[in-house]
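Student: Protein chains in written order, with the numbering used here: chain S, 16 to 311; chain U, 16 to 311.
Calculated directly from the structure, the hints in this document are not laboratory data.
Check the hints yourself; a few may be wrong.
One copy or any two copies: either way a pair holds, since identical chains are not told apart in the list.
Below are the DSBU-like pairs computed for lysine-lysine, each with C-alpha atoms no more than 35 Å apart in a straight line [said to hold, decoys possible]: (1) K259 <-> K45; (2) K295 <-> K260; (3) K262 <-> K295; (4) K267 <-> K295; (5) K19 <-> K260; (6) K260 <-> K45; (7) K277 <-> K45; (8) K261 <-> K112; (9) K112 <-> K45.
Number of protein chains: 2
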Amino acid sequence: MDIKAYIGSRKQLVDVFLQSYFSVPFQPKKLHESVIYSLSAGGKRIRPVLCIAAFEACGGSADDVVPYATALELIHTYSLIHDDLPAMDDDDLRRGKPTNHVAFGEGMAILAGDALLTEAFVLLSDPRFRTAAMTDGQVLRVVNEISFAAGEEGMVAGQAQDLLSENAEPDAKTLSFIHAHKTAALLRASVVSGGILAGADADQLDLLRSYGQNIGIAFQVVDDILDVVGETGVIGKTAGSDEKKKKMTYPKLYGVEQSKQKAEELIAAAIDALSSFDEKAEPLRALARYLAKRTS
Amino acid sequence: MDIKAYIGSRKQLVDVFLQSYFSVPFQPKKLHESVIYSLSAGGKRIRPVLCIAAFEACGGSADDVVPYATALELIHTYSLIHDDLPAMDDDDLRRGKPTNHVAFGEGMAILAGDALLTEAFVLLSDPRFRTAAMTDGQVLRVVNEISFAAGEEGMVAGQAQDLLSENAEPDAKTLSFIHAHKTAALLRASVVSGGILAGADADQLDLLRSYGQNIGIAFQVVDDILDVVGETGVIGKTAGSDEKKKKMTYPKLYGVEQSKQKAEELIAAAIDALSSFDEKAEPLRALARYLAKRTS
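All chains, full assembly: derive it from the sequences and hints.
Tutor: Structural data, given as structure tokens:
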């Protein structure tokens, strides 16, 4: 299948929804501008696309899950704004543009992140976006799945460990904790949420969870590799910044070649987890392969 | 009724729940410590108490709503941590203790706030805390009510306007926007959420909403007055800090005496909204009077 066309079409659904959802400016205007600035900075919408692909793999129709999938992009965007702050990674460039705090000031950037995180839950719990087939119970499970993955036992924990580990000697256990929490948790929740909303049974959800966990770690390994071998203009952030900030990364611990092999193994395991799914899961399989080969 | 005893007993339920909920430390340890530091800094638990009182006013039993009420305290605590940051209000003292970023550093303070906000939704959507009488639909409405009140059309909007209005000439419209969003929105949502979870009907919820909105504004007016007439040791933060930071406040615009009268009127309107409620709403009425008279 043409995975680039698939990603493009699903990304388009998310972008159209985002534009409509945020079309009425809220007050103060500068907060709205700050939120829109980061949302429209050219993200690849990988988390929403994974959510939609999982929803389709379980028999759903893409359009029906777009609002829920978009909530994941709001959370991802908040995490980028906060990660880039001077007190955290102190990055000036993101997706080829000045970071939010460079453009709007630190205070407004913190608030834009807070607004995006909170709005994800407004969106998830908005009854207007429910289809007849979705139950309150399913939506509540999604709220739980996503908040757990984003919070103190998920993404925030990973970011905190990352912050504490700068300048520290890399060790496999800490590196694994950071990647599993900072990156894999929300990617996994994106996949599982699509399954829940499509009415997947417990066995299917376990398999989607395994798929999501494996591509989640692989995604971060590839990110680490790109920071070493990629070019600033292509990867959309400053190449070599992990090294400069003495981040704990896969290439640092295992070297680039072994890291590439690790990513390949994780992708194979992800695809293997989907062996009992039919051809409707082809986009999920192709996404796994695509994420391993990406150059940006 | 003895409102101090009522507040004390309900606060105790919340504190016991908080202690149990966070008793298993999560990783990294420093993130857990930072979260616990602010949660146990001696807050008055006004938002949870209001939620419990509204739940009881509509026929519920206090114990049943404690986990949901506690979620409001997590959100309130996150907002204090982020508000105190150098890029925002730049406060060193909160509830008589060094603020979170002074104790743990800015990066960890931002993450502790993010963790608390996110954990509120983990808690709200946790099926373990549901009683047999509560429906998935009610809990989802509470998620929507609270996230809306906390987000870009609620608390975060108020904080953003507050940030943008420092050093600006006070005007009634902007001041009203800040107070309604920064403070009243979450207090109102606390009351309404208690009503929703107790199965209140639409008319009752409207009345609770009116009560909550009025005490919400009154609460902030009293806060502004205390910043002028209170003492640092008593109010738990640095007295006179609004003036020093050139904040837009009620006393600045209307003077202390007229502000006191405004608070009295709001409290009277709040109590008036509850006229069709029976004696089970007595704690809500007494809370309104108490909040107007408080000295800390």
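Student: Run through the hints listed earlier and report the numbers of any the structure violates, in increasing order.
Tutor: 2, 3, 4
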